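Residues per chain are reported as follows:
There are 4 protein chains.
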Amino acid sequence: MSNDTTVRVPQQARSIEKRNRLVDAAMALFGEKGFQGTNAKEIAGKAGVSVGTFYAYFTDKKALLLEILSRHMADVDAAVFEELRAMVRDGATGREMMRLTIRLGHDSHHHAPELLRIMLAMRYTDEDFTRMVAVENRDMTAKIVGLLSAMGDNLRVTDLDAAARVVANAFEETMHSVAVFGPDIEQDRLYEALADMTAVYLFKDPDAPLK
Amino acid sequence: MSNDTTVRVPQQARSIEKRNRLVDAAMALFGEKGFQGTNAKEIAGKAGVSVGTFYAYFTDKKALLLEILSRHMADVDAAVFEELRAMVRDGATGREMMRLTIRLGHDSHHHAPELLRIMLAMRYTDEDFTRMVAVENRDMTAKIVGLLSAMGDNLRVTDLDAAARVVANAFEETMHSVAVFGPDIEQDRLYEALADMTAVYLFKDPDAPLK
Amino acid sequence: MSNDTTVRVPQQARSIEKRNRLVDAAMALFGEKGFQGTNAKEIAGKAGVSVGTFYAYFTDKKALLLEILSRHMADVDAAVFEELRAMVRDGATGREMMRLTIRLGHDSHHHAPELLRIMLAMRYTDEDFTRMVAVENRDMTAKIVGLLSAMGDNLRVTDLDAAARVVANAFEETMHSVAVFGPDIEQDRLYEALADMTAVYLFKDPDAPLK
Amino acid sequence: MSNDTTVRVPQQARSIEKRNRLVDAAMALFGEKGFQGTNAKEIAGKAGVSVGTFYAYFTDKKALLLEILSRHMADVDAAVFEELRAMVRDGATGREMMRLTIRLGHDSHHHAPELLRIMLAMRYTDEDFTRMVAVENRDMTAKIVGLLSAMGDNLRVTDLDAAARVVANAFEETMHSVAVFGPDIEQDRLYEALADMTAVYLFKDPDAPLK
DNA sequence: AATGAATGAGTATTCATTCAT
DNA sequence: TATGAATGAATACTCATTCAT
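Protein chains in written order, with the numbering used here: chain D, -15 to 195; chain W, -15 to 195; chain L, -15 to 195; chain Y, -15 to 195.
Just so you know, these hints were derived from the structure itself, not from any lab. Any given hint could be a false lead.
Which copy is meant is left open, because identical chains are indistinguishable; a pair holds if it fits in one copy or across any two.
To be verified - Here are the simulated BS3-like pairs of lysine-lysine, each with C-alpha atoms no more than 27 angstroms apart in a straight line:
#  : residue 1 : residue 2
1  : LYS45     : LYS17
2  : LYS127    : LYS188
3  : LYS25     : LYS188
4  : LYS127    : LYS17
5  : LYS188    : LYS17
6  : LYS30     : LYS188
7  : LYS127    : LYS2
8  : LYS17     : LYS46
9  : LYS45     : LYS2
10 : LYS2      : LYS188
11 : LYS46     : LYS25
12 : LYS127    : LYS45
13 : LYS45     : LYS188
14 : LYS25     : LYS45
15 : LYS30     : LYS127
16 : LYS127    : LYS25
17 : LYS46     : LYS188
18 : LYS17     : LYS2
Computed from a prediction, not measured in an experiment: that's the story for all the values here.
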């Protein structure tokens, strides 16, 4: 049960605690001062361990960030799709689905906006992050396609893969810009427009109950 | 007539030429090796001037990048809206407009994808870039609103500001991800879906001639 | 019965085996990656014991090297003089003696040239090695003097101590440079010249049987 | 007029002075504390310049050492062979030549014994030094062969290349061990033995005037 | 006896920026 | 105007050694 970002695999309780303290310290410092602005010594210091210990648990500053972000993305992902699937089962309308997606996305992005900022920058800057985000995007598209497939008759679009991608793109850029830069105009108007655009595009009748 | 990025305002022809040589050298090097990966000495060397001269023309490495990117954005912007306005006058359909927008956006983004990459990263990393992009976004939204306003009857959306923003977001994220990461699925399918989504959303009849 | 290089003196068989495993692992790794390039953790790892155990048996990485090299030197020494004494008894000529010495020296140096390299460097770098080599040299000189003394009439030289030293020096530098750097010119010519120089110097008639 | 060890080629007097100060500081510190024991910051400090300046003039600590040692070797070399050639012209005996060689070698090695120590260690440790010494050895052998060739009739040896090598080896090891470790026995006896061995080997009549 | 987690001092090198010439 | 020599703070990572278990 080892992985890429871990050097020493902690077995004992005390070790696990140290590793967690390092992760927490790093999250706090990366959020405050950015990734480049934080160094291993500081992280170790804040976690109450030595630099050596830092390097015993993580090959790298980057390895630590990669772990933080991939965990974060996995958490968000799971939470969002769980709720969406429930809603499909409950017979919500297409527009309601889009609104829920927006609310969930909004919440998850506002959890740690500074980390989001870092991740968004890194994906343009570092190959490993580019790859990680690409994988995540593929997964997300596949899940959206899965959800859409279950909606049969009411679907307006036919090329589900392409539809999933453009809808995801519209969601993401809007969520990100709101979370990171703040909304240009009132959030509600923006989100309502986003729900409208995606619902009208995806569904024949956006206000009819799905399935 | 001084501005933020300039220290010395070149009056003589020889000065202007030096400044341009510095800008060209920087564009080439930033594209090749990234922003962090390029240093002032290299830029000066490639431009055939001394480091001292570099700092005579630009306060900073960042100032130079800021200038490069704002120029680039202004160029793209002008070109895109020029063509779009012409098309509105020529009585194209909504869908055709969206397709043209996509083609223009695609071309402009593929001109210097490495610089785009840098800009996209910097906007999440550096306050000055955040601001520059915010201003640009506001301008772009205003221009889109202007275009839409001219379409009167055929417009489906009512909150033009919000509509302009979400449509711009959908465009941008899609363009960027294609330009920087390459398309996940075939480009044509993706672009067609994007045109469909935005056209169906903005217009009552996406296939009727506007105006 | 303790000595400098040992912390714990192993009494049980299992302990002795561990100690030997550590020595073997170290010899292999020092040869491959040099002394500075090898660390205690690696040695312990290759020997299948923990770092703690390493430090239970050796005060130091250096202590281990010192032991390896002094063992090695002792082995070589014994083998060489054993054979030489046999030859004196068998009535060989002076030149034949020199040739045999060269062959024996050559073989012993080519056994572990990388360790030789390390030792040659350390003797100029580290006081303990300087001392160790000095002691070894004195021993060797004494033994050569012993051999020469037994040759009575045929000896050309009178200051046996000085003669032993310069002959040993000529042998050593030649052996070392061949073993470590490879011969500049053909080995046989070099070795024949060396045998000639030392035989002509030491003996009245280099080709008469000694004794 | 650039070379391997120099980054910035000093043209101005002040630059040249700085470079020299760095070389002097390094020689002093390497001698005192060894090569590994000295760092760039110290050298710069002792020379009264900044670390940055150090790296402007030398790519490396090693580059600096390489320069110091190759200069040193060139100086010694020139001085020794100059005098030897003069002596051949003056009709000295073979034995006198060997004695002079020893005196010259002794003096040059005692000039900076700590640097000698470092060089002797590095040649077993670092490829670049191995190479440098190999080149030097080839040169020296060639020069000795040149000298010997001029002695025609009185020469006892026929394979001049091999003879030059083994004689050089005997000289070197003896010089080095005296310079670095101090003589085991009285220096004069050792040197006399060395002169005797080499003279008797090289010449038919070691005490006849050459040429 | 044995383990291996933890320590933290130590070091080479870069580069944005300045300023004397 | 232009030069380029000089600065020195800043940073990631290693590894010999210890010691609680």
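Evaluated hints:
1. For the homomeric pair LYS45 and LYS17, the shortest alpha-carbon distances inside one copy (14 angstroms) and between copies (21 angstroms) are both at most 27 angstroms.
2. Only within a single protomer do LYS127 and LYS188 lie at most 27 angstroms apart by alpha-carbon distance; the minimum there is 21 angstroms, versus 31 angstroms between protomers.
3. Proximity of LYS25 to LYS188 under the C-alpha cut-off of 27 angstroms is found in neither arrangement, the shortest distances being 57 angstroms within a copy and 60 angstroms between copies.
4. In the homo-oligomer, the alpha carbons of LYS127 and LYS17 never lie at most 27 angstroms apart, since the shortest distance is 34 angstroms inside one protomer and 36 angstroms across protomers.
5. Taking CA atoms no more than 27 angstroms apart as the test, LYS188 paired with LYS17 passes in neither setting, with 47 angstroms inside one copy and 48 angstroms between copies.
6. In the homo-oligomer, the alpha carbons of LYS30 and LYS188 never lie at most 27 angstroms apart, since the shortest distance is 55 angstroms inside one protomer and 58 angstroms across protomers.
7. Proximity of LYS127 to LYS2 under the C-alpha cut-off of 27 angstroms is found in neither arrangement, the shortest distances being 35 angstroms within a copy and 54 angstroms between copies.
8. In the homo-oligomer, the alpha carbons of LYS17 and LYS46 lie at most 27 angstroms apart both inside one protomer (15 angstroms) and across protomers (19 angstroms), since each shortest distance falls under that limit.
9. With identical chains, the CA atoms of LYS45 and LYS2 are at most 27 angstroms apart within one copy only, with a shortest distance of 16 angstroms there and 30 angstroms across copies.
10. Proximity of LYS2 to LYS188 under the C-alpha cut-off of 27 angstroms is found in neither arrangement, the shortest distances being 53 angstroms within a copy and 60 angstroms between copies.
11. Proximity of LYS46 and LYS25 under a CA criterion of 27 angstroms is satisfied in both settings, with 14 angstroms inside one chain copy and 25 angstroms between copies.
12. For a Cα distance limit of 27 angstroms, the shortest separation of LYS127 from LYS45 qualifies neither inside one copy, at 31 angstroms, nor across copies, at 43 angstroms.
13. Neither within a single protomer nor between protomers do LYS45 and LYS188 lie at most 27 angstroms apart by alpha-carbon distance, with minima of 49 angstroms and 52 angstroms respectively.
14. Taking identical chains as interchangeable, the C-alpha atoms of LYS25 and LYS45 lie at most 27 angstroms apart whether they share a chain (10 angstroms) or sit on different chains (23 angstroms).
15. Taking the closest pair of Cα atoms, LYS30 and LYS127 never come within 27 angstroms of each other, the shortest separation being 38 angstroms inside a single copy and 47 angstroms across copies.
16. In the homo-oligomer, the alpha carbons of LYS127 and LYS25 never lie at most 27 angstroms apart, since the shortest distance is 40 angstroms inside one protomer and 47 angstroms across protomers.
17. Taking the shortest alpha-carbon separations for LYS46 and LYS188, neither the intra-copy value of 46 angstroms nor the inter-copy value of 49 angstroms comes in at or below 27 angstroms.
18. Taking the shortest Cα distances, LYS17 and LYS2 sit within 27 angstroms of each other inside one copy (22 angstroms), while across copies they are farther apart (34 angstroms).
Taken one by one, the earlier hints fail for this structure at numbers 3, 4, 5, 6, 7, 10, 12, 13, 15, 16 and 17, listed in ascending order.
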